[in-house]
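Here the protein sequences come in this chain order: A and B. Per the numbering used here, the first sequence starts with residue 1, numbered consecutively. Per the numbering used here, the second sequence starts with residue 1001, numbered consecutively.
Hints in this document: simulated from the structure, not taken from any laboratory. Some hints here could point you the wrong way.
[Stated by the list, open to error] No more than 16 Å apart at the CA atoms, straight line, and that leaves these computed lysine to aspartate or glutamate pairs for EDC-like: (1) A/K121 x B/D1005; (2) A/K121 x A/D255; (3) B/K1131 x A/D34; (4) A/K283 x B/E1182; (5) A/K10 x B/E1058; (6) A/K10 x B/E1182; (7) B/K1200 x B/E1182; (8) A/K278 x B/E1087.
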Amino acid sequence: MEKTAPTTTKPLVTIRPSTGWAALNLREIWQFRDLLLTFAGRDVKLRYRQTAVGVLWVVLQPLLAAGIFSFVFGKVAGLKSPGVVPYFVFSYAGLLGWQAFSSTLSKASSCLVGNSQLVSKVFFPRLVLPISTVFSTLIDFGVALAMMFVLMAFNHVVPTLAILTLPLWMLLILIMAMGIGMLAAALMVTYRDVQYVLPVVISFLQYGSPVAYSVVMAMKKLPPQYQPFYMWNPLSSLLEGLRWSLLGSSAPAPDWNWVVYATICAVGVFIWGAFGFKRMERKFADVI
Amino acid sequence: MSSNDLAIAVRGVSKSYTIAHNAPNHTTAAEALIHRLRHPLDRPAKETFWALKEIDFEVKKGEVVGVIGRNGAGKSTLLKLLSRITEPTTGVIELYGRLGSLLEVGTGFHPELTGRENVYLNGSILGMSRKEIERQFDAIVAFAGVEQFLDTPVKRYSSGMYVRLAFAVAAHLNPEILIVDEVLAVGDAEFQKKCLGAMKDVANSGRTVLFVSHQMQAINSLCSSGIYLDKGRIGYMGDVQTTIQHYMSVRQTQQLETTEIKRPGTGEFRFTGFTTDKGTYLSTDDIHLDMEITCFGQTQPGYFISLEIQNTHGLPVLHLDSRLLNQEYTRTDLRRLHMTIRETRLAQGDYRITGVICSTGGVIDRLEGGAEITIAPILPYPTRRNDCASFAAYYPDFEIEEGPDAETTPRLLVENSAS
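This is chain B alone, in the form it adopts within the complex:
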């Protein structure tokens, strides 16, 4: 690779943060003062946390790169380093071109200022010159569709209008390298489509784009290559399909407390293991769940297992109960259960699985959000069209057939002649 067509080079970049532990929890300043006087040499234990560790990659000019990873994997830190908001702890980043970044929609919008004033304010905050904004002003306003309200303070805007205007400014940013954090998750479906379209235009215009999103569908359709970040390191880097597959295949494990369990329930039995086989599933995938149940109590009632799958709003969307299968358990030693949930057909999004051990006497253990899974935004139907995706909670299996003689005899006529 000749370095002439390089856009971004990241070499050995790490970023650490210091986090304090055992900081005394004082509610009043007086308490804190008394503590300080009594223990003048007390310092909270500090720990260095590496948000990014030894990151190396290069992006060529015109490449559109999707950055994916779980929450806390370091995606936002990476974007902040590239946009120079914060400095790396070690390593060097080289940028071959003017960089513009959009880490949040509507940064710097001021509620008291009018729509017009905010366009200028936000535009220059994002790095546009006054002339550039003037030239693009009409296009921005038309994109947002807020012509009538240009001279109204944005505090009186509906939240939809606010977000539209904010995104419109950002969509007209024209840097050589564009960095975009999760910003498509705003607005209604209609506007999201528009945003995705705008992003596609940017991607097709030959500019270099680094794009963070949890929406695999968006990543898949926009990006040519991908970077999968895992706990501050590069887990995989390559073409976008393979990167997404890597991301999806990583098993979500969560360490459960096994002693001093403070969960609700009477506690004769407790979940001591609760893991799914993957972290991200397709709507049509089977979910395999391994549970480990340990007996702690002296009295041993029979129990049954009940699972709730909740969406991000906490609404239980699926309920699975072992009684429906006529299964009740009485064994008192450690036992492992393997559960298969076939074809959930859940809509895209994040879900929490809550496990409950119950008896006729009530709840024995309730493991709130024991596992967290993501359903990838890939429709279970044989289509690749994004614009048919709705925001339903569930995608049932369905088919449509044509009835016999559909076009020859209109139904209404036949009925009339019969009577």
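Only chain A is shown next, with the shape it has when bound in the complex:
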């Protein structure tokens, strides 16, 4: 064995131990785009296998959730929609953004543990897994959004120019969910506790964010000393913004100072999540 053989050709791949923060290697993820789409396709296909009404659940789920909301908050608690639209439409608009957030977060966070077989037996850039979960959320969102337009038409709500900002709100909500999701997924490999803590956090956030009510309502009820805490939750501005983009004048506009803050948070969390995931990635196969 000659260890000093002159290297005339460069190796295609060099494997060596890595330490500290690593580059995201986006090119590699691009090379694996077929796999990314296959994973996404698998998740979508699997969801309604062996169900009687199949894809109809995509429409039914947000409608049922909004129905429960308008019963509990609208009828029992007596919350009113701030604009002219019925409370049902108001809460449906809030749920639209909320469900995009919560389903991305819970799917991304369980992507490693749920695919442990793959992680320990096959090589691929691990970031492919959390990214692939976004697609099924986007499909759900698309269907729920179409339903939203139907509801708006029924209630004679004409979209304003604000609707042009809709993709931006959605993007911010998604990258924030992804950021937290990637961190949670990486932590869950070692600490399965995350699996149990996360649902609690998600349901706390659902009631602690303006989904069933608007920020204005929360500010009216909350004692002044707690009000800043409420706005520290970046979701407050993002969900409020998404609802405003849909309902226009029928929903309160977000506070733009807090929107800037929320944008910085979302982007920051996403970057932190991606690099944190990448950093913990090297021990996934050994620990999972």
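Got chain A sorted already, so can you dock chain B onto it with the hints?
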């Protein structure tokens, strides 16, 4: 060697795992919590375990290398490092070509998806592009022989069909360097033959292959060179025949407990040594077994020795009893016995030898699986044909002779004319 024809270079690669010792064994979360509260600074003792230590080797393009070694020798770790599933602790690996690995048949198969969907899923998991899969789809399905069931969820497949489809996808993988873990041990004999054929095609197509198997016959017929791993180090590396011989000649030793023996039996006598001369034998080899028996009890009955050789299913296939030789032992001091089992003619596979010391009063000591041996898959008959190998448990010695005047007088006619 010019580095132009290098496929894999492994330089000083080690891999360590941390294993925890004395971890308190709590059955409930509450217990664990109480323990944590009482001993907040308690940390389980940790030990570094080197799965691979300072591995150096090079594989040339087009070489087919068999990797052999006992369980836990580091074979799978090596494959995982090469396929980038896990990182080395130290050292560098250079790959000169696209690498595809198959560490398990059917990774990523989803029971709810149909056969067709799983081909695409599994194919892209193994690194094929969508176009490649589309091009190979018909060949994959034909190889697996599941045409009728393409649109049935694989959870309704028989286990044979499942494995066939899974292997078929893998067999159509086309990387420059292919890494295959023990995957031939699946399916029925017919399909195994097909798999071996597929592997041969890959090996003959000029691609570089690293192949792990416990089936020496497969290694022998597929590979040109071999690497023998022993406890995380390279025990031998060279041409495949010599490597297999090295692997087979290593003596299997097992440390027996000599104090506080918790085995079944009354315990007046105990096995304190139980070793075979080798770890792997040919079907026609003699097995030499050394036993050491120590007296612990005050009452000293006469005893006899009884051995069971069990296959991997726990079925005793051979039984040897010293009473058959009219041998009973009464000496009470330490004694060593040497036993020769002539020409076991056992079929290929792993076996456990269980030793029992008995008296008329019952079992004195029972050493379950005191030694483990492997019978190499090389037939005891003068043939080199793999396709005649069956899965019998035992290969008796036999011969076939032609009778006198076989072709001249048909037997039936002679009998008729006599009556």
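Taking the hints in turn, this is what the structure says about them:
At most 16 Å may separate the alpha-carbon atoms for a hinted pair to count; A/K121 and B/D1005 exceed this at roughly 28 Å. Distance check on the hinted pair: A/K121 and A/D255 sit about 49 Å apart at the alpha-carbon level, beyond 16 Å; violated. In summary, the hint linking B/K1131 to A/D34 is supported, as the alpha carbons are separated by about 10 Å, within the 16 Å threshold. For the hint linking A/K283 to B/E1182, the alpha-carbon distance of about 24 Å lies beyond 16 Å, and the restraint is violated.
With a CA separation close to 15 Å, the supplied pair A/K10 and B/E1058 stays within the 16 Å bound. Between A/K10 and B/E1182 the CA atoms are separated by roughly 31 Å; this puts the pair beyond 16 Å, and the hint is violated. At most 16 Å may separate the alpha-carbon atoms for a hinted pair to count; B/K1200 and B/E1182 meet this at roughly 15 Å. A distance of roughly 13 Å separates the Cα atoms of A/K278 and B/E1087; the hinted pair therefore holds under the 16 Å criterion.
Going down the numbered hints, you'll see the structure goes against 1, 2, 4, 6, while the others check out.
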